[in-house]
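Residue numbers (our numbering), protein chains in the order written: chain A, 1 to 350; chain B, 1001 to 1606.
None of these hints come from the bench; they were simulated from the model.
Treat the hints with care, as some may be off.
[What the hints assert, rightly or not] If the Cβ cut is set under 10 Å, some of the chain A residues that face chain B in the computed set are:
no.	residue
1	Arg86
2	Pro144
3	Leu151
4	Leu170
5	Leu280
6	Val284
7	Glu320
8	Val323
9	Phe324
Each residue gets a CB set at the ideal place from its N, CA and C atoms; glycine is no exception.
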Amino acid sequence: MDFQIAAILFQDGLASGAIYTMLALGFVLVFTTTRIIFASYGDLIAFSALTMHALQEGQLPGTVYLLIVLAIVATVVECTALIRERGYRRIPWALLTWLVLPLLPASLCLLAQGTELHPAVLTVLTIALVVPIAPLLYRIVFQPIETASTLTLLIVALVLHYLIAGLALLFFGPEGIRTAALLGGSVDILGATFSTQLVAVVVAAGALALSLALFFNATLTGKALRATAYNRNGARLVGISTRRAGSIAFILSGAIAAIVGILIGPTVTIYYDSGLMIGLKGFVGAVLGGFISYPLAAIGSILVGLVEAYASFFASSYKEIIVFLAVIPIILLRWLTAGHGVEEEEEEHA
Amino acid sequence: MTTMVDRNPLALAFASKYKIVLTLSLVGLLGLPLVLASFSISLLNLVGIYALATLGLVLLTGSGGVTSFAQAAFMGLGAYCSAFVTLRLGLNPWLGLVAAMILVACCAVAMGAITLHLGGHYLPITTLAWAVATYMLLGNITTLGAHSGIGDIPSISFAGMSLDKPEQAHYLIWGLVILALVGATNLLSSRQGRAISALRGGALLAESLGISAFRVRLMLFVVAAELACVAGWLFAHTQHFISPSSFDLNSGMQILLMSVLGGVGNVLGAIVGAFAVTLGRNWIQDLLPSLGLDAGALEIVVFGAVFILLVQYSPRGLSPLLARVLPARPKPSLPKLSSADRLDFSRMKDASDGSHPLLKLEGVGKRFGGLIAVKDLTFDVHRGTIVALIGPNGAGKSTTFDLISGLKIPTSGVVSFLGRPITGAPARELIGRGLARTFQHVKLRSNMTLLDNVMMGAHWRMKAGFVSGVFGLDGAEEAKYRSLALLALKEVGLADDPYRLAGNLALGQQRLLEIARALASDPALVILDEPAAGLRALEKQALAALLRHLRASGATILLVEHDMEFVMNLADDIVVLDFGSRLAIGKPAEIRNDPKVQEAYLGGVA
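So here's chain A without its partners, still in its complex pose (with noise of 0.2 Å):
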């Protein structure tokens, strides 16, 4: 291997790595927040290119009945514990938050039908039609499971992945695709070439976590959330709503999924169940933060599309293997680095 191969896997190393970092952010934040593994979060990126391509194709994407459907389960479970708990002033906000907001873009989307719109146009509608279904599948499948163990919750989520990639197909179809490029060529940085794509996507993962930063030192709802993390409990006893904490984190999660997805969406084919292995990947790059630290977080995931780049060029057929067996030495290294007390876990309610 020389230089110049090495320099390429690099890029495609460093490409990758930003996109885990992305999402190993998002994990984190979701984690961090209401104790979820969120382990369908990978199907939020496939829906998003699936969507964009779609969108671009002139065609009506499915997520528009996703999100239809979505909508209208909330509505009733958000209701149906507002009757129950005699809470009737708060059925029309729950109506207008559960079910008019989400079905503000899905209309949107079914009125454009036909017309030819500009990409700019087709981007924000795709990240309106997907961040919704983020909070929507909180209220629906883990607000009322929300006090369950973390085992429980990942579970859940890993059983909810298997359902929304049941739902792709019938919406999407069994097809791979890749969307047309939003950006092309490449750009001269300091006199080495790097692809537009490369430079996008490293732009887009710096600025979302310079912005992550600033949310959570910065802003009021940012300082909630990191209470939340901190201390469930406490954060309930000073007036902060985890519920609400719980929603925010998983709508920015949702807005995180929607971009990556239209970022990978002309480099990667992407098929209605690929968002698991996508979404495992930035998943292996937040366990090295052991799900709580953003920045290892980052690091892990960079390290994680490194391993991949060069593992591709070496044993390309064992490169999976190679990036999720890695999760085992990272473990190990946790562990000698831990502390190593008796520590006492949730108790199982039964």
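Using the hints provided, position chain B relative to the given structure of chain A.
Relative to the frame of chain A, chain B by itself:
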């Protein structure tokens, strides 16, 4: 009074009903191949195979409190290993099984050794990664057909007969399922089974009873993997064709669904879950195309939805329902106690050589960074006395308790017990040395009987291991310690119905039960963490009476307490802590009149 259970005609009727149900199901399984079509038997065989893999998960999740997504991967490993041994080496399938079990044991031990030290979600995450990696690895084995799979795997032969037909394989598969069920039931009611239950809901109780949480979890993880391995072996040699897709993450999730659907609280849940999922899947595959829908996609959607609804509305699966319908396994009959029978406090008597104090703290201190929680604490606990460690909130009582019970390591000073230093010894070792404890927030296993809860205390004194538990070879030891536990219950006045569930007791009685558990460990010293907290006046009196009774029997007790009133009438010596230092030490009357103590408690004397 204690013979109520075995003389009760109702109990006898249930005992025989249990046997009737058992016999009927055995006969049913034997007779099924005679009445059912071959296709149904094949399906039933598949149920049996998945029941084995699910049983492993039920044990691991339901009892050990950890889960694995890798059951299907271990199945695949077993199937492929045996396929290699039979097809490429030309050996007998039984040798294939041996090879597969060795391979799976090595993998499971290695994986468990790495991840089981870490609590929480590390094991599931590792098994997830492992499951994905195994699936891809199997797809890369070109000599075994890579991703397209491999066929012509020979049948298993048993007693000279080749089990080619599903009807023949049925007996082997279900025979193994029944063996596994019996073994699992035996295991759960043995010493190791109690250790598993002690672990559920946190490792603190288990460690304080001398149980290594790591070893118990490792044992369960390996057992689960081996059950999956046997299932994979059966799968390979009855389906005669295997491909990696039978053992992908998807299949792992399906086994998980089976365990949750059946209910992880009951070993029979494994069969129910495997039955429901396998048959349900078959039914959906028949139904959906007739409705004009794509079966492949919707099958998983239906399963996913069922699963999520189940977790939301019935997190314990179908097993509570099952437990209500089926008669319970009869409880072992209780030994008869005469009124003169007493618990033998052998170590309390051993410790009666009076040359040095039982427990000695010399200059013990603990800092957390800049915070000094305990400073230069010195006091002794002499045999046959009750010593109380008291102090206002934040005085360092709990830290001192943790320093003695081995949960925290002092930054300075020495704690000696029976004349030997125990500073820095892990909590797990102390019970064997004669130091037994109770918890401020009662730690009992509420769905277990009083007797089982107390027998946990005797864990370190008993010997039965995994093998004798599974094969039920521990009868004599169990009987011996059962009567010992009953005597411990008698000491605290809870012996009238030892088969009650601990969760049904009031808080005051639960505290007594914890003391009985401590007594069952044959302690030289019992340390009690705020035993009177949250008790009503009458319950406090009963507790004080019990502690006096134990002292009269020769017991030594150290209690950490908040309630001044409670200790004044009870303790022989009182150590008062304030801001981490010893404020006063002496007899209750001296403490009562000590102005420094009055100031600390009442905020100054006028």
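Hint by hint, here is what the structure shows:
{"no.": "1", "hint": "Arg86", "verdict": "violated (22 Å)"}
{"no.": "2", "hint": "Pro144", "verdict": "holds (5 Å)"}
{"no.": "3", "hint": "Leu151", "verdict": "holds (6 Å)"}
{"no.": "4", "hint": "Leu170", "verdict": "holds (5 Å)"}
{"no.": "5", "hint": "Leu280", "verdict": "holds (7 Å)"}
{"no.": "6", "hint": "Val284", "verdict": "holds (7 Å)"}
{"no.": "7", "hint": "Glu320", "verdict": "holds (5 Å)"}
{"no.": "8", "hint": "Val323", "verdict": "holds (9 Å)"}
{"no.": "9", "hint": "Phe324", "verdict": "holds (4 Å)"}
In summary, the one numbered hint that this structure violates is 1.
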